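Trainee: For reference, the chains in residue letters:
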Amino acid sequence: MKSLEELMAIKKKMQDKVAVRTSNGSTRIVVGMATCGIAAGARPVLNAFVEGVSEAGLSEDVIVTQTGCIGICQYEPVVEVFEKDREKTTYVKMTADKAKEVIEKHIKGGKPVTEYTIGAAKL
Amino acid sequence: MIRSHVLICGGTGCTSSGSRLIREKLADELKAQGLDEEVKIVQTGCFGLCALGPIMIVYPEGTFYSRVTPEDVPEIVSEHLLKGRVVERLVYNDTGDGQEEAAPTEVSLSDTVFYKKQHRVALRNCGVINPESIDEYIAMDGYFALNKVLTEMTPEDVINEISKSGLRGRGGGGFPTGRKWQFARASVSDKKYVVCNADEGDPGAFMDRSVLEGDPHVVLEAMAIAGYAIGADEGWIYVRAEYPIAVKRLNIAIEQAHEYGLLGENIFGTGFNFDIHLRLGAGAFVCGEETALLTSVEGNRGEPRPRPPFPAVKGLWGQPTIVNNVETWANIPQILIKGADWFASMGTEGSKGTKVFAVTGKIKNTGLVEIPMGTTLREIIEEIGGGVPNGKKFKAAQTGGPSGGCIPASLIDTPIDYDNLIKIGCMMGSGGLIVMDEDTCMVDMAKFFLEFTVDESCGKCSPCRIGTMRLLEILNKITEGRGEMEDLDKLEELANYIKSASLCALGQTAPNPVLSTLRFFRDEYIAHIVEKRCPAGVCKNLLQFTIDADKCKGCKLCMKNCPGNAISVNPANEVKEGKKLPWLVIDQSKCVKCGACMDNCKFGAIFKK
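Chains as they are written, first to last, in the working numbering: chain A, 1 to 123; chain B, 1001 to 1609.
Hints were generated in silico from the structure; no laboratory data involved. Given the structure is predicted, the values throughout are model-derived calculations rather than measurements. If a hint is listed, it holds; no wrong ones were tucked in.
Here are the simulated PhoX-like cross-link-like pairs (lysine-lysine), alpha carbons at most 25 Å apart as the crow flies:
hint	chain 1	residue 1	chain 2	residue 2
1	B	K1083	A	K88
2	B	K1040	A	K13
3	A	K17	B	K1338
4	A	K17	B	K1031
5	B	K1116	A	K84
6	B	K1083	B	K1031
7	B	K1040	A	K12
8	A	K17	B	K1040
9	A	K11	B	K1040
10	A	K2	B	K1148
11	B	K1338	A	K11
12	A	K13	B	K1148
13	A	K12	B	K1338
14	A	K17	B	K1083
15	A	K100	B	K1083
16	B	K1083	A	K93
17	A	K2	B	K1338
18	B	K1040	A	K100
19	B	K1025	A	K17
20	A	K12	A	K108
21	B	K1148	A	K12
22	B	K1540	B	K1602
23	A	K11	B	K1148
24	B	K1338	A	K13
25	B	K1083	A	K98
Some chain A residues judged to face chain B by a derived CB distance under 8 Å, without partners named:
hint	residue
26	L7
27	E51
28	Q66
We put the beta carbon where it would ideally sit given N, CA and C, even for glycine.
Construct all of the structure, not just a fragment, from the sequences and the given hints.
Mentor: Right, here's the structure in full:
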């Protein structure tokens, strides 16, 4: 160890890895992972969100977690996004690709992707 | 890609309640359910809530599971880690406001009554990072203080900052740390030493152990900083051999720090060299006294020597040395990162910062708590500690172990800091806090601690070697019912002689438990001597078991269980002097006072007095 830069580099590398424990969670992405969700393919969606958040460097503020069945099994995989001072957004029939789009436009850009939300699904 | 961390406590408390089995079971189960790529298991140091171990925290949610068994693991994996459904029956969520049932999963750990009032400085990484990973320590700003000190500050700056923070030694004496460093810096020598006192020996104390097990790098970093400040290039950690987990993790930490060049030669390219060695102690209480500790590090029999000269002038191998306690070290890096003012903003006028206490005895939440100085004993016991269990009344708390004194219930609102405790004849000690309820006999308690010091006295000076033995003999006399009133004066006189004439702190403080119980619970001593009665019902020789005639049904269960055949049938259930006698009677001359009759009576007909 010869410099502060080297120390900083280790900290940066590790920060992402311990962020799961220290994240303030001002934004929570919750993936429905009950039997219905898993059967409809929620696992790849969950993993896509985890990867996307980490790649975008948002681990300090965003936590990705799972929940059980919320009762609209025909629309699984369902993903809910909770943000501070904003109504929650519910995405339905999610895929890994859609997840990447949501990270890009909604989580980073601040604009919900309306065509994937439950409102657009015409209940 | 890891999406969840499961933290399992690997401290001594949880290890002995089986956390290793749970870790293994969890690893198997994650593999079986195909989650081993997504969920990471992290072994941490102590979370503090040892009474509820083994403890497991699942992040990112921060769900706090207590008393986890290996049988619970498959459910946690398939329900929580796979499906995101919290296993509510295992969640600890006591917020202390009776809302337990309302929304169990919404309770964040920092809102629970155990953690709400705590402020973690020395323990900040315990239960958060993996103590066997230097990378995780660095992620939490580890070794940044060392870098700052070496590249931006002069040794004088460092000492000034520590002095300004008001940090006082956490090992018991409370000597200002900055001043100690100043003395060592001022001593001229081409070789100086930095020593860590990890010889924690008070019965019921495990603060230093938890820091070493949960965050070993903080001690290494702080010692290197001190080395720079006083001009030393060598450090020694004196740690008890009875702390195998701490020793193992210290060894790992030293090795990792060497690999990264954070110990060794030319640290951060500044030309500063520092290395640390371990010395395992064999567990003598006196070796916690600094001069005895240094003698033991040198390889000699652990005996103290007179001070002055103080170690800062003439210490290890005759060279200037500073000796600081583990918890003191744990505060140093953060003071240098966040500044002396930040540290001085916590605590009271004369005692800055926080203090870690190991709370044990008659208390619901046995464990490790860190609170700002000035927190009252009531907050520690009734709120953080969850109160005295089984509806018993709080009687007193012993601080400072065998060197300290007791705080009676009448002083429960005393703000805890160095000066307030001295004022009421106690001392801070290293942080053991033993809670006692109404079933504790204070004379017996003083006797217990004195037995400990008699055992641990090194024998070098006679006031301690002979004096404490004589004190114990008088206490034995009193608890056996042979005491006389003049014994109380003798106790006090002898105690004061021992205090003033002993060579080291062990002898100087050994009479404290006797003096403080005499001060606050003199009536209990008098009850033992005059009425030949132990008010708490502890001292066997003063007890008498009797059978209540009205409640006794004559079932003979007590008779069957009596090991001394002291109970016999009273054949005619006769009436003596107008009073009905019970079906069974205890022959007091045969009774060994074991209490088996009382434990076995189904009708509560046997009582002791």
